[in-house]
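Chain residues, written in single-letter form:
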Amino acid sequence: MMSHWIIAPVMLPAVVGALIVLLMRNDLMLQRVFSLGATIVLAAISLAMLYAATVHPPEVYFLGNWPAPFGIVLVLDRLSALMVALTAFLALCVQLYVIGTDWDARGRHFHALFQFQLMGISGAFLTGDAFNLFVFFEVLLIASYGLMIHGGGKNRLRAGVQYVAFNLLGSSLFLFGLGTLYAVTGTLNIADLAVKAQVLPEGDAALFRVAVVMLFLVFAIKGALVPLQFWLPGTYANAPGPVAALFAVMTKVGAYAVIRFGVMVVPATTPATGGLVADMVLPAGLLTLVLGALGVLGAGTLSRLAAFAAVASMGTLFIAISGFTPAATSAALYYMVHSTLAGAALFLIVDLVIDRRAHDGLHAALPPIAQSGLIAGLFLASAIASAGMPPLSGFIGKLLVLDALRDQAGLVWPVILGTSLIVILGFARAGSTVFWKAHASAPLEAPRHPPEALSFVAVGALLAGLTVLTVFAGPVTAWMDATAASLHDPAAYIAANNLQKAR
Amino acid sequence: MSLALIAALPFLGALLPGLMIRAGKNACAAISGMVTALALLLLGLNAPAVLRGEVVQTRIEWMPALGLNAHFMLDGLGLLFAGLILGIGLLIILYARFYLSKSDPMGQFYTYLMLFQGAMVGIVLSDNILLLLIFWELTSLSSFLLIGFWKHLPEGRQGARMALAVTGGGGLALIAGMLILGNIVGSYDLSVILENKEAIQASAWYLPALILILLGCFTKSAQFPFHFWLPHAMAAPTPVSAYLHSATMVKAGLFLMARMWPVLAGTPEWFYIVATTGLITMVMAAKIALFKDDLKALLAFSTISHLGLITMLLGFGTAEAAAVAVFHIINHATFKAALFMSAGIIDHEAHTRDLKRLGGLRTLMPITFAISTLAALSMAGIPPLNGFLSKELMLEEAAHTVWYGNPWIMGVAATVGALLSVAYSFRFIAHTFLGPVRDDYPSKPHDPGIGLYAAPAFLVVLVLLIGFAPMASAAWLVNAATGAVTGEAVSVKITHWHGLAAPALWMSLAAIGGGLMLLGSHAFWMRIWDAVPRPEAKAMFDAVLGGVAQASRAITDTLHDGAISRYLGIGTITIAAASYWAFDTGTHLAGTRPLMPVSAVPALGWLALVLATLAIMIFHRNRLLTLVLVGIIGLMISVMFAYFSAPDLALTQISVEVVTVILMLLALNFLPKRTPVESGIPRRTWDMAVAITAGAGIAALSYMLMTRDFAFPTIAEYHVANSKPEGGGTNIVNVILVDFRGYDTFGEITVLGIAALVIFALTEALLRAGPANDRLLAWRSDQRQAGDRHPMMLVVATRLILPIALMVGVFIFLRGHNQPGGGFIAGLVVAIALIMQYMASGFAWTASRQRVDYHGIIAAGVLIASATGIGSWFAGLPFMTTGFNYFHLPPLEEFELATAAIFDLGVFLTVLGAVMLSLASLSRIALRAGETVNVQPFDIDPSVDRTLDSEEAR
Amino acid sequence: MEALVASALGLLTAAGTYLMLRLRTFPMIVGLTLLSYAVNVFIFAAGRLVTGMPPIITKDAIGYADPLPQALVLTAIVISFGMTAVIVMMALGAFLEAGDDRADMTEGDGQADKPSGGGGAP
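From first to last, the protein sequence lines stand for chains C, H and V.
Numbering-wise (numbering that gives the first Met the number 0), the first sequence opens with residue 0 and increments by one.
Numbering-wise (numbering that gives the first Met the number 0), the second sequence opens with residue 0 and increments by one.
Numbering-wise (numbering that gives the first Met the number 0), the third sequence opens with residue 0 and increments by one.
It is possible that part of the hints are untrue.
[Unchecked claim] With a straight-line Cα cutoff of 27 Å, these simulated BS3-like cross-link-like pairs (lysine-lysine) come out:
hint: 1; chain 1: H; residue 1: K24; chain 2: H; residue 2: K196
hint: 2; chain 1: C; residue 1: K500; chain 2: H; residue 2: K723
hint: 3; chain 1: C; residue 1: K436; chain 2: H; residue 2: K723
[Unchecked claim] Every beta carbon over 12 Å from chain C, so not counted as near; a handful from chain V, in silico:
hint: 4; residue: S6
hint: 5; residue: I61
hint: 6; residue: P68
Think of the hints as simulated: they come from the structure by calculation, not from any bench.
The structure presented is a predicted model; accordingly, all values stated were derived computationally and were not measured.
Note that CB positions come from ideal geometry on N, CA and C, so glycine has one too.
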């Protein structure tokens, strides 16, 4: 029985964030201690919740003790638990890195914003209410604005303005969609929507479809789905490295929402919508993957390479989602976990390189960097993971996706495999420029840079996560299968909401 | 278990050299050697069973759901290859120890080498094609690292990338092919697949699968037209060339063809694709080899040629040909590895591999001479060496193969290939060792220590052994391997003499004679070769790859060039188009809800709104005016809210309006006052079109919504019904905000708080030393300033208003639960009152009089809100469960206390703090920009104190 | 009446979109602000229009306007206020750092060179 614990992933960061602002905003050391402590506790709680969600049916937390669908509910099911746990683990690694590299000393309020960011993400994953999802989207967004421009600087601020602007468009769209949704169905509770979507009067179908499409476009913006991906490369390339690493889970919020709504609320069997969602997601996903791969090959800087690798991974993820079969959803979930860790690791390693190289460009051949050997090895590992080469989980994830989408093999396989080659070439090019070409020009003196052990611990932890994902692929995929099954048959989820009729 | 261990050992071993290098190069090499030897031993333990015809298996579940499992099997074919890989690996480890120079990072080298070895062993032992794919790609990766081992050499880097591109790409094709195969059979287990020849060859997917799989094999085994990567891979250290690019990795393709032989071979498609490719490759590469002056290049092309030979034999699809192929795989591995190592020795001693600069070494390097010559003669197919045996058999098979109705073309082509191979083999001997001793070697050549020549010498012993006693030394292995390939027991008969009737005899003689003649006239042919232009594979490859890279760079950078206005435009169009498509493809019935009659007052409001909106589109370049218009629009909207019975909205809208406009005004103070004309007519027309589309869409949508009834009873009915009895408030909206959906409000105020923090942090960043700070310090107002910036009237007025405003704030706050109002509006009202102090008397004066810490207020607000929520836990109720009660203490009338009110207090504080902190930040920027700071409440004469430390204004 | 509201709403949206697509941050922000106004009206209208029945419980009320959209709009207004404040300040900051208030990044997402770290000294 988890009861109040369900809301802990939201309240803990909120309270800690507020306390940091109130009591220790001028003492970085205190901030680090409390913030890191809070994240560790969050990770522990999220693990407990993951366990609870695995052994118990979905559990609903009725905020304000109001019955659903009239109040707001939090729902702990396997999916939300997985996402929260993933977020907590990622956050822990990123925070270690930030402390190890003193990134948090380059501006004010990093840890407070970081905690609020976690609050927003957890809230978005846990909520069972469509409008509340919007509210927590905004919480995580505004925190991300702060983190994105952390440290300031011309390009970062300009990119920041663009990031905010594009997301403001997204927020407006979200509200248009929610307004339409409410105007048609008269409800906001997700489970209630899932029920009502099935029994919607025919005359309302068109408007309902509009609402659904609007919401999916919002999630597509979050998930950087072509043609709504434009905001991502500039933002990620100009954001501080660790922040970009944390953002690896922000794009997944979009993917999560697409799964939650596309599988649970408006499955292909819904009379009003039918295959509406899949029709949008598959082509967009393919385009996204191609664009991302081209970006990786053509990237002029390391940070853009990492950014486009993120785009490509979202493409693969959405292709997997678009299957909307239990197998495809399971593959998508596995790939989602993998790409989150792999993407984050890549951004952290790129940040290590840029920090030592004092240069982001991929054309200049510069002398070898400090800790070159170790960093080169890490880069190779994360490149293998991002490109989906063996032996890391990326390859398994890709196999799962290919296998799950064998019905569209003629279309999907060539794209996924062809882009893999392009991505491999892109990483090979970048790696050999940064780590091999460097030796062409003998260094004048041995490069100096503090080792910053903690930052390597952080990267190592992420790569270790990938290894675990690979070695225990069997049990992991089995768990994902069960999760996918529960999503494709949401009866338990709906029942847990215990929906009431208005008196 | 043991099989898995054999495959795993090299990987485990890969960890050791990196560590052992600390103990010196010998320890490093020794540990690698020991691990390899151990693996070889384990293999040997399984050999007897395999030779008895059994298939040893090890099965470990990994991902049963997907069908990816660690299943290993060992049959004759696997035994042969694993033996080659580990055995030659052992020799290479020895050779490399003495070949690499002091400056080379040997630990790294052996780590990569062991990784490769493990991947190779994995391929040949896999009983699961997905597992095989994993090892397959791993060989591409490790070979990438080994080819690029000498980081400083551009050839190494390019060669490595080329090899990765070709073999890695082929590997991806292989993945597709294998998945298709698995889907046809319904299992990814090799042993299962191998039993379904009929199903596979009958399937419509047979040809695609075949082509994809062959793509993988041909790229790996450097078959035409994918052969070009191999010569460039020779930039690797010679041990690598000897191991990967002659003995093992390039044979992975052959292995897979042999592995899949039972299910793929025997069809015309197989014959024509595989045999023809092999034939072309054999002849073409042999010809090129003849004209290469670089020893390693010569050997590289000869390797390609021999791989082609074996491919051709596998392509024939007969058991006999398969047996010859297997036999030649063994022979080629022996003599070619020996030759590569010899070339390495020559390079190592003479510091050149260029045939033009060599010659006459036979007296200077007798041992090397002996080793090289024997190996080269075997390569040439001179009796009695092992190369001769397999070549004879090959010619025999070719002679009896009909190609497209033509009985002799195969034989002739094969003979030509043999002829060329004789020529380049003898050239290798003649131009390196024979001839006069020269005096211009880059370095005085002499035989190396035993460490270097032990390995090739051992291989040459094998060459002789197999050559003289084939039946005793090799037949058993050939039988076992061939049996595994063809699936039926075979017993080959290998002899030197096939009788005068055998065409092979005459073909051999022709080859040897012709070869020698060709060599005799080599100079002549060389001139022709140099004269004739030929396609340069590397140039073409680089051109293609470079082109693709350039193109993708152009595409992605052009698309993502930072033009946010285009991003937003595309976004808007996408949204509009998709929404319309969704609507158009759905069924829609117009609403039946009765419309409201239009009355005069709202019509006037509408007109004002419309005019203001149109005006803003026309005059938006005048920013001050724009803000005024925004104000009017906001006002009109709040009036509309009030008219349509939403008093709370009206109040909120108007107060937010005020604050927003003030904020923007203060910011505008630093921004340019006009927007320049930058976009031309077409651009503006286009944007206008986009805008109108969006507007029309939203208007239509909202009209359709407003004019219909809800499909279901709304959840709001519950809120109306329970607001008073359950929520304890008569203002339903407020009860929803602080109770039914208080959690939303909690998130909402957090957003506000975070916003303030972001603004504060941003300000800090701006006020640091940097361009922004410099600009501020140099900033001069471009506005005409009023004579007195803090007019007395306004000052006095605001002083009077402040307490009243505060009263109003408190009042609004208290009545919120039952009447329009509440914490949020109250917070804004109070904030506005304070802002007016600021506007009247400047921030410094005001700040100096209200020593409040806005950070604290925000945090306190959020914490209070959280606390009220958490408080309900102690009542055993979920987060934010509210309670309320009515109290009656005379003489006051009955009043109500609700925990929701405490929550509302949190809202109030957060809003107040957030607004004030943002303002404080703005004013700090103003201070840095040198805005006059007055110490008196109001000033007729601007003070002179222009520099106030920003800290004071916090 | 519905037609009036719908048309005004559409006009607001159009104006917001048009300004949002301008090349300078200031009009862009104004456009986004107008867009948020439009959104608020839209959600409010989604609760259908009524006059003279504010959602405040009284003895002699004949009926109440749908209170939920009003509450949602309140939340939306507050959030968009926070967002506006942030983007205004960020635009101001970008202007001070860059010297002009262009919305586009002509140097192409600043790929030319990213300062190692970005911030400078804390």
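Under the criterion that the straight-line Cα-Cα distance not exceed 27 Å, is the pair K24 of chain H, K196 of chain H satisfied? Cα-Cα ~50 Å, so violated.
Is the Cα-Cα distance between K436 of chain C and K723 of chain H 27 Å or less? Judged against 27 Å, a Cα distance of about 74 Å means the pair is violated.
Over 12 Å from every CB of chain C: does P68 of chain V meet that, or does the non-interface label fail? The claim is violated: P68 of chain V sits with its nearest Cβ about 7 Å from chain C, within 12 Å.
Hey, is S6 of chain V genuinely clear of chain C, shortest beta carbon separation above 12 Å? 17 Å, holds
Keeping to a limit of 27 Å between CA atoms, is the pair of K500 of chain C and K723 of chain H held or broken? 19 Å, holds
Would I61 of chain V pass as off the interface with chain C, using Cβ distances and a cut of 12 Å? 20 Å, holds
In the structure shown, a violation is registered for the earlier hints numbered 1, 3, 6, in ascending order.
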